[in-house]
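Since chain A is already given, all that's left is putting chains B, C, D and E on it; use the hints.
So the chains spell out like this:
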Amino acid sequence: MAYVVQRPELTFKEKAYLPSILNGLKITFGHFKKMIKGETKVTMQYPEEKWDSQLPEHYRGAPTLVKDEHDRERCVACQMCEFICPPRAITIKPEEIPSDNKFAKVEKRPREFEIDMIRCIYCGMCEEVCPEQAIYLRKDYAINGLTRAEMVHNKAKLYELGGVFAGLVHKWNPEK
Amino acid sequence: MSTETAAPVQMVNVQIDGVWLQFPKGTRVIEACRQAQKLIPHYCYHPKLSSPGNCRMCLVEMGMPKMTPDRNPVVGADGKPEIAWIPRAQISCAQDVSEGMGVRTNSPMVQECRKGVMEFLLINHPLDCPICDQAGECKLQEFSVEHGTAESRFLERKVKKPKSVELGPRVTLDAERCILCTRCIRFMKEVANDDVLGIVDRGTFNSISTHPDRILDHNYSLNTVDICPVGALTSSDFRFKMRVWFLKESATIDTNCGTGSNITVGSRENVIYRITPRDNEAVNGCWMPDSHRLNFKYVGSPERLKEPVIRPQLGEEGPTWQQAINLAVEAIKRNAGRVAIVASGRSTNEELFLVKRLATALGAKVDILPRSGVADGMLIAADRNPNTSGAKLLGVATGQFGEIVAGVKDGSITALIALGEDATKAGLSEEDLAKLDAVVATDILPNKTTAKADVLLPVSAPFEKRGSMINLKGRLQRLNRVVTAPGSARDDWEVLRDLILGITGSNGLHSVEEVFKAMAAETPALAGLTLSRIGDLGVDISLP
Amino acid sequence: MTLTLNHYLLVSGLLFTIGFAGVMLRRNIIIIFMCLELMLNAANLSLVAFSRFNVGADGLPNFNAQVLTFFIITVAAAEVAVGLAIIVALYRARQTTHVEDINSLKF
Amino acid sequence: MNPILFWLFSILMLGFGISVVANRNPVASALSLVVSFFCLAALYVGLDAYVLASIQVVVYAGAVMVLFLFIIMLLDLKAEVRRKFNRLAIGGGAVVAIGFAAQLLGVLGSHPRGDQPFPALKLAEGETLSDLQKVGETLFSQHTLPFQVIGVLILVATIGVIVISKRELK
Amino acid sequence: MMTLAFFNSIPWEMILWAAGKAIFVIFLVVLPLVSYTVYAERRVSAAIQDRVGPNRTGFPTTLLGFKKDLQLFLGGLGQPIADAVKFILKEDFTPGGVKQFYFWLAPCLAMLPLVSLAFIPFGSSLFGEKMVIADVNVGVLGIFAVTGCSVYAIVLAGWASNSKYPFLGGIRSSSQMIAYELSMGLSIIPILMLFGSMNLSDLVQYQADNGWLLLPLWGKGWSWERWLMLVPLGISFIIFMISVFAETNRLPFDMPESETELVAGYHTEYSSMKFALFFLGEYAAMIVGSALMVVFFFGGWSLPFIPDGNGNAAPLFQSIFGGIYALLPNWVWGLANITVFFGKVALILIFFIWVRWTLPRFRFDQLIKLGWLYLFEIALANIFLTAAVLAFTNSK
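Chains as they are written, first to last, in the numbering used here: chain A, 1 to 176; chain B, 1 to 544; chain C, 1 to 107; chain D, 1 to 170; chain E, 1 to 396.
There's no promise every hint is true.
Stated by the list, open to error - To list a few chain B residues with every Cβ distance to chain A over 10 Å, as calculated:
hint : residue
1    : Leu49
2    : Asp70
3    : Glu137
4    : Phe143
5    : Arg214
6    : Gly285
7    : Tyr298
What the hints assert, rightly or not - Derived Cβ-Cβ restraints for the label pairs, each shown as a range:
hint : chain 1 : residue 1 : chain 2 : residue 2 : range
8    : B       : Gly505    : A       : Lys93     : 50 to 58 Å
9    : C       : Arg92     : B       : Lys517    : 17 to 25 Å
10   : B       : Gln22     : A       : Ser99     : 54 to 62 Å
Read the hints as simulated data drawn from the structure, not as lab findings.
All C-beta atoms in this analysis are idealised placements derived from N, C-alpha and C, irrespective of residue type, glycine included.
Next up, chain A with everything else stripped away, as it sits in the complex (with noise of 0.2 Å):
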């Protein structure tokens, strides 16, 4: 239903404008005023103060991969995360695990996993639709890169950022 905000009555000053446009600038150079003055309290002085350690255990940084702690690659290449991000800055080209392999079982592992840095916007969706728990926005913050193609991290960067995160997912475990 539309609600309907009455417009207030204006007084001849304020319609007038410019003594809200004083008004306006007096407020404005009094925070001036206060800066110049040494008054305000300002925020943190990013590199030489950092936050790092602080970061919240819900803070979204980059994605990345995380292997279990059998060294296998919890990702297996079910493109969940390619099909949900947003701003499409997943990759995925999915291959068969060999058969001498000693995960051969899983069948099917990412033989490239791209996540291009300079597309992602750390919305996190890709945790979130993770099927096996193998894709995590750690704490880095700061990635940058020269080059466009630096900013493409591929499987063995990712996998770098990510390391290791323990426990089994049920159902890759030979016995059940």
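What follows is chains B, C, D and E alone, placed relative to chain A:
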């Protein structure tokens, strides 16, 4: 009952979810419900196969008319017979409708049954949807969401079965995912007439297997993958290539033989990943042969011709299209009256129509290159040209091929236009081609003729162009664009239009729709049709 | 080389000719309109040249011609405003600015 | 005026004038016209008409051509770029234009004082020509009535424009 | 009469003077002023918003193998240099589908406002040479001619980008410019009526002798007629200032590039040096606007108690301090005048920045309504008022 009206098919009254409807006698209950817009979940039932009734998913509540002791139906207050409901659910796929029958498709009992069946089916299921190729088009997923419970109550160990078993060269089995609906077994037995699959082991260890010493290598084996409701049978070719939800599905037709099977092509970002048959009772039902299904790799081949080529080459840079066309036109004009056109039975009607115009303008001999194989008695026709009927209708298939060959050999023909065909496959040798003054060739892949061509124009593959074709039974069907052509390759009809424009100087056509319109105006069999009126399923036309 | 009156008149005439040719050649109303502006300005140039050429007894140019030029510029500006408004109205009604497409009064 | 500058600006002006006619893209035509008008203003400066030069730039470059450009962009004349020139019209136009130019040359040749140079201005030492003042004096003393009439004309034009652009043509 | 002389005969020393002055003004004063205006904008906005702003610029000595960057401790004064380097080094991306020639032409035209600096007297005289590049009788008209053309850059950029936001920005800009140029021009007419000339250096000289137009405190300024004139002149000043804000696309009138509606308006598709040109052009336009305000209303290079480049001050001050003026060579006073002029410009630039970070953006229809319905009418009425005041004071 008034059966005196001598109806060809007896109609029976059936009550579905409280609504009385009429169905022909012999209709299965599941089909009747489908026609009444009540979809009943099912796994083992397939309209083209027999009904074993072993998945138990299609349970519905049924009832028969309540009878008075003198075997007359009890009529209720509304004048309709009262129904005595059977106290346990029945499967709807193995039961035909009968007079006065009542069906409840969504009663609490039915819902409870479905929930139970779903839970049973999922007991030993590995739940590996993340790696399963069926995910996204899997009936287990769909019905589990619709009718199942969200959590598993199963605490025991799941039964382990073989995974990734190669049943044949093209089909891979994952026995853990199998729900033993036996669709594949029945398909191989009833449709393919190659009873190679069966169930081995007992009880909970039941699994699908091939007959000892046999493998599943029938040319229709991939249809089992299509009809498998879960991810148990997967195509080895498509396995782990692409998730199905990424695929853009385009409806077009198969161009490997004169049958013209209707197909759905799945592609993503201009790459074709798989081809599946598309239902069309008038052409291919819902099946198609493996050999045709897997014949799409050439479309993305790195060898594809991408830019026009002229010989001798002018310089470092290749010629522009305009230069190449101009050169071709000049070469053809130079040999006016001594030109022959090798057309293709793989061309669309629109292209053949323009070929005919070109031939008329030049007074050239024209014929399509014949291409035949062995018919398999099912969906592969002996004529491997998909549009021979169209070529005949439009007057391009003239049977003059022998004359063309003879003309080339005796020197009365000095220029050859090869449209998407390798002329060396039909009697001409490479020396014959070398002897000619000019060879203009259009094609998608290099071959012996394109190697000899003075002007080589790259064109679109069947998946890259629009148009229409007529199959051997005289059905006009539409070819749609699935992917775009590589490089600067153009549609065949555009190339032909430009050649005609260059030779006759008359005004050109601007879209493939216009070409069809012009063709329909000149061809009585196509009168009144437009490209869009053909529709996805095609129309039958009367061939002269 | 000293510049004479004829130099200016020649340039002015050529500019007028270009504008005239444009009106003849082009079929787009907006371009035709621009060419009309060219012709007006060609006339202005010759007026200013005459003004400078006819130095009066006081040793100053004849400013009557410059005033006339001033008037021409003023009228031209008004004309452009009205003309463009008409073109916009015409485009809204006919979706074209091509004179050959606007032929209701032609038989 | 320095003859070199005269020829430079004349040729630029005529060249961009031709480009107005010859360009297929209306935006290019309009911009060529702006450059052409700038050169014309430069020629005015060479004729000691500083006020007119300024007014030329203010009115034409600053207002009229902005309006033109605005309308061209608003109407989106993509079709114009694709249209082909009518050969007959080009030929006819060229013939008429050449005829006109020929006649012009004839008239110029017969002008009795046409080949005389511009007389020098008589100015006091150190004084510059204050043509602004002179034009103003002439305008407001000798041409008061036309000036008022022009004012009315502009008013009428303004009202006309508003009326035309407000109401849709039926 | 430099440029005009160039047309009719070519005295070389005049050309050299003009070129020298142009180089001095543009390269040594205005371009640094532009870059430091950007810096000031960032620092002032930061202060107003309780932030710090760019307060550090180090030399990237780590690139040369050192462990730490060399810090300058200049309070970030090196920032403009870093910005310039960044702009030059950034990837110059040209989107597909743009109209190449016009896409390149537009940023070049964006520097057009600098041309109007030629008409502005930025100092009294130095070594006997008047400190104005083109001392012409039609200076005011010339300035309006140039500012009128600055709209082309924006319109062309919007059109050539082949993108809807830039296009909307360009269209908005052209209608805004036409609307505000009128009130801007009309608001100047009272000054012309009072002063009777369009020569800007004469106008400034008049103000130096007789008090600034908005501060008539000496010379003729003591008369009550000038104080009466303050009423129309004050109205003129307000209208002129608002119009300058609109003409230079500054907030609260930055409709052509309002980032909340149009992403970045006409320069959405521009990057690297091409974007930098737009950026510089906008600030150059601001400087020109401020310079005009200074020249018209605040006495240009003049400051009470400070003589001009010939050692002459207004008669009032001359009679009191004349002896002191003679102590220093004239060129010192000449330089002092130039400093005073740019000091005033800088103050007005600060005011520009202050206003930007105070006022919210107008809606476009409000902007057009303000221009056509209020400022234009008030400016017209103001002309009549001025005429009445002049007639009244002259008849006495």
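Say whether it holds or is violated: B:Glu137 keeps its Cβ farther than 10 Å from all Cβ of chain A. holds (14 Å)
Beyond 10 Å from each Cβ of chain A, as asserted for B:Gly285: Given a closest Cβ separation of 32 Å, the condition holds.
Interface exclusion of B:Phe143 relative to chain A, criterion Cβ beyond 10 Å: Check passes; 19 Å lies beyond 10 Å.
Beyond 10 Å from each Cβ of chain A, as asserted for B:Leu49: holds (29 Å)
Just double-check B:Arg214 for me: nearest Cβ-Cβ distance to chain A has to come out over 10 Å. holds (23 Å)
Regarding the assertion that B:Asp70 does not contact chain A, is the least Cβ-Cβ distance greater than 10 Å? Holds, because the least Cβ-Cβ distance between B:Asp70 and chain A comes to about 62 Å, which exceeds 10 Å.
Decide, holds or violated, for the assertion that all CB atoms of chain A are farther than 10 Å from the CB of B:Tyr298. holds (22 Å)
Tell me if the beta carbons of B:Gly505 and A:Lys93 are separated by a distance inside 50 to 58 Å. Holds: the Cβ-Cβ distance is about 51 Å, inside 50 to 58 Å.
Whether the CB-CB distance between C:Arg92 and B:Lys517 falls inside 17 to 25 Å: violated (33 Å)
B:Gln22 and A:Ser99, beta-carbon distance inside 54 to 62 Å? Taking Cβ atoms as reference, B:Gln22 and A:Ser99 lie about 57 Å apart, which means the hint holds.
The structure fails hint 9 only (numbered hints given earlier).
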